[in-house]
Amino acid sequence: GAVVSQHPSWVICKSGTSVKIECRSLDFQATTMFWYRQFPKQSLMLMATSNEGSKATYEQGVEKDKFLINHASLTLSTLTVTSAHPEDSSFYICSARGSSYNSPLHFGNGTRLTVT
Amino acid sequence: RKEVEQDPGPFNVPEGATVAFNCTYSNSASQSFFWYRQDCRKEPKLLMSVYSSGNEDGRFTAQLNRASQYISLLIRDSKLSDSATYLCVVPGGSNYKLTFGKGTLLTVNP
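Line by line, the protein sequences give chains A and B. Just so you know, we're using my numbering here: the first sequence kicks off at 17 and counts up by one. Just so you know, we're using my numbering here: the second sequence kicks off at -8 and counts up by one.
So that you can see chain A by itself, here it is in the shape it has in the complex (with noise of 0.2 Å):
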């Protein structure tokens, strides 16, 4: 079964809204949750890292003031799209990892967001 929970699955919004994701890790805690886009037939982009009861760590070139991330506990972490638009349309993915240094990433089944 799922390890890694991720809600909405898809989400329409109007331009100018804010969309929130939410990512929860199901069977372990996650210290550390990864933030992903993907444009179509592009790779996974990694956006920022969450980091739970710290600050996020965002990538060069992602507004920090724009994806709004908090990891409150050892198993939620939140994206939100600030006054989203047409062009932050995209796949958005959540992983996260167990404590182990080994251990793999687990996705969360990805948030399709149309902006209109």
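Any given hint could turn out to be false.
[Said to hold, decoys possible] The calculated lysine-lysine pairs, modelled on DSS-like cross-linking and capped at a C-alpha distance of 25 Å, are:
{"id": "1", "chain 1": "A", "residue 1": "Lys57", "chain 2": "B", "residue 2": "Lys36"}
{"id": "2", "chain 1": "A", "residue 1": "Lys82", "chain 2": "B", "residue 2": "Lys(-7)"}
{"id": "3", "chain 1": "A", "residue 1": "Lys80", "chain 2": "A", "residue 2": "Lys36"}
{"id": "4", "chain 1": "B", "residue 1": "Lys36", "chain 2": "B", "residue 2": "Lys(-7)"}
{"id": "5", "chain 1": "B", "residue 1": "Lys70", "chain 2": "A", "residue 2": "Lys80"}
{"id": "6", "chain 1": "B", "residue 1": "Lys88", "chain 2": "A", "residue 2": "Lys30"}
{"id": "7", "chain 1": "A", "residue 1": "Lys82", "chain 2": "B", "residue 2": "Lys88"}
{"id": "8", "chain 1": "B", "residue 1": "Lys93", "chain 2": "A", "residue 2": "Lys57"}
{"id": "9", "chain 1": "B", "residue 1": "Lys33", "chain 2": "B", "residue 2": "Lys93"}
{"id": "10", "chain 1": "B", "residue 1": "Lys(-7)", "chain 2": "B", "residue 2": "Lys70"}
{"id": "11", "chain 1": "B", "residue 1": "Lys88", "chain 2": "B", "residue 2": "Lys(-7)"}
{"id": "12", "chain 1": "B", "residue 1": "Lys33", "chain 2": "B", "residue 2": "Lys88"}
{"id": "13", "chain 1": "A", "residue 1": "Lys30", "chain 2": "A", "residue 2": "Lys80"}
{"id": "14", "chain 1": "A", "residue 1": "Lys71", "chain 2": "A", "residue 2": "Lys36"}
{"id": "15", "chain 1": "A", "residue 1": "Lys36", "chain 2": "B", "residue 2": "Lys36"}
{"id": "16", "chain 1": "A", "residue 1": "Lys71", "chain 2": "B", "residue 2": "Lys33"}
{"id": "17", "chain 1": "B", "residue 1": "Lys93", "chain 2": "B", "residue 2": "Lys(-7)"}
{"id": "18", "chain 1": "A", "residue 1": "Lys82", "chain 2": "A", "residue 2": "Lys36"}
{"id": "19", "chain 1": "B", "residue 1": "Lys70", "chain 2": "A", "residue 2": "Lys36"}
{"id": "20", "chain 1": "B", "residue 1": "Lys(-7)", "chain 2": "A", "residue 2": "Lys57"}
{"id": "21", "chain 1": "B", "residue 1": "Lys36", "chain 2": "B", "residue 2": "Lys93"}
{"id": "22", "chain 1": "B", "residue 1": "Lys70", "chain 2": "B", "residue 2": "Lys93"}
{"id": "23", "chain 1": "A", "residue 1": "Lys82", "chain 2": "A", "residue 2": "Lys71"}
{"id": "24", "chain 1": "B", "residue 1": "Lys33", "chain 2": "A", "residue 2": "Lys30"}
{"id": "25", "chain 1": "A", "residue 1": "Lys82", "chain 2": "A", "residue 2": "Lys57"}
{"id": "26", "chain 1": "A", "residue 1": "Lys71", "chain 2": "A", "residue 2": "Lys30"}
{"id": "27", "chain 1": "B", "residue 1": "Lys33", "chain 2": "B", "residue 2": "Lys70"}
{"id": "28", "chain 1": "B", "residue 1": "Lys70", "chain 2": "B", "residue 2": "Lys36"}
{"id": "29", "chain 1": "A", "residue 1": "Lys36", "chain 2": "B", "residue 2": "Lys(-7)"}
{"id": "30", "chain 1": "A", "residue 1": "Lys71", "chain 2": "B", "residue 2": "Lys88"}
Source of the hints: derived by calculation from the structure; they are not laboratory data.
Let chain A serve as the given structure and place chain B on it in line with the hints.
Same frame as chain A, now just chain B:
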């Protein structure tokens, strides 16, 4: 050398064929490696983990060559359902960050 580099593909093979993908990495300190498959419009799913020289799981064999810093994935007796993008994943950096290759698209034809 790029952090992770994969065969560009795409690979088009007939059913029953054997196909192999290679992936090179730059971080010599990496200990564990992963192959994921991603179907169109879906999230990546773990296919195999590679910790030592390699491992086998049914029709799939992953091999690791630390000296040359590459890992490979071999698929025998290809099935139509093997059609997907295969992602090579290598750990590196802080926060247990994993680096993804750009992926290799495989299409198995009837």
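Do the hints match the structure? See the list:
no., hint, in the structure
1, Lys57(A) x Lys36(B), "holds, 17 Å"
2, Lys82(A) x Lys(-7)(B), "violated, 29 Å"
3, Lys80(A) x Lys36(A), "holds, 14 Å"
4, Lys36(B) x Lys(-7)(B), "holds, 23 Å"
5, Lys70(B) x Lys80(A), "violated, 43 Å"
6, Lys88(B) x Lys30(A), "violated, 33 Å"
7, Lys82(A) x Lys88(B), "holds, 22 Å"
8, Lys93(B) x Lys57(A), "holds, 10 Å"
9, Lys33(B) x Lys93(B), "holds, 16 Å"
10, Lys(-7)(B) x Lys70(B), "violated, 31 Å"
11, Lys88(B) x Lys(-7)(B), "holds, 16 Å"
12, Lys33(B) x Lys88(B), "holds, 21 Å"
13, Lys30(A) x Lys80(A), "holds, 21 Å"
14, Lys71(A) x Lys36(A), "holds, 17 Å"
15, Lys36(A) x Lys36(B), "holds, 24 Å"
16, Lys71(A) x Lys33(B), "violated, 28 Å"
17, Lys93(B) x Lys(-7)(B), "holds, 11 Å"
18, Lys82(A) x Lys36(A), "holds, 12 Å"
19, Lys70(B) x Lys36(A), "violated, 39 Å"
20, Lys(-7)(B) x Lys57(A), "holds, 21 Å"
21, Lys36(B) x Lys93(B), "holds, 15 Å"
22, Lys70(B) x Lys93(B), "holds, 23 Å"
23, Lys82(A) x Lys71(A), "holds, 14 Å"
24, Lys33(B) x Lys30(A), "holds, 24 Å"
25, Lys82(A) x Lys57(A), "holds, 24 Å"
26, Lys71(A) x Lys30(A), "violated, 28 Å"
27, Lys33(B) x Lys70(B), "holds, 19 Å"
28, Lys70(B) x Lys36(B), "holds, 18 Å"
29, Lys36(A) x Lys(-7)(B), "violated, 34 Å"
30, Lys71(A) x Lys88(B), "holds, 16 Å"
Violated hints, in rising order: 2, 5, 6, 10, 16, 19, 26 and 29; the structure is consistent with all others.
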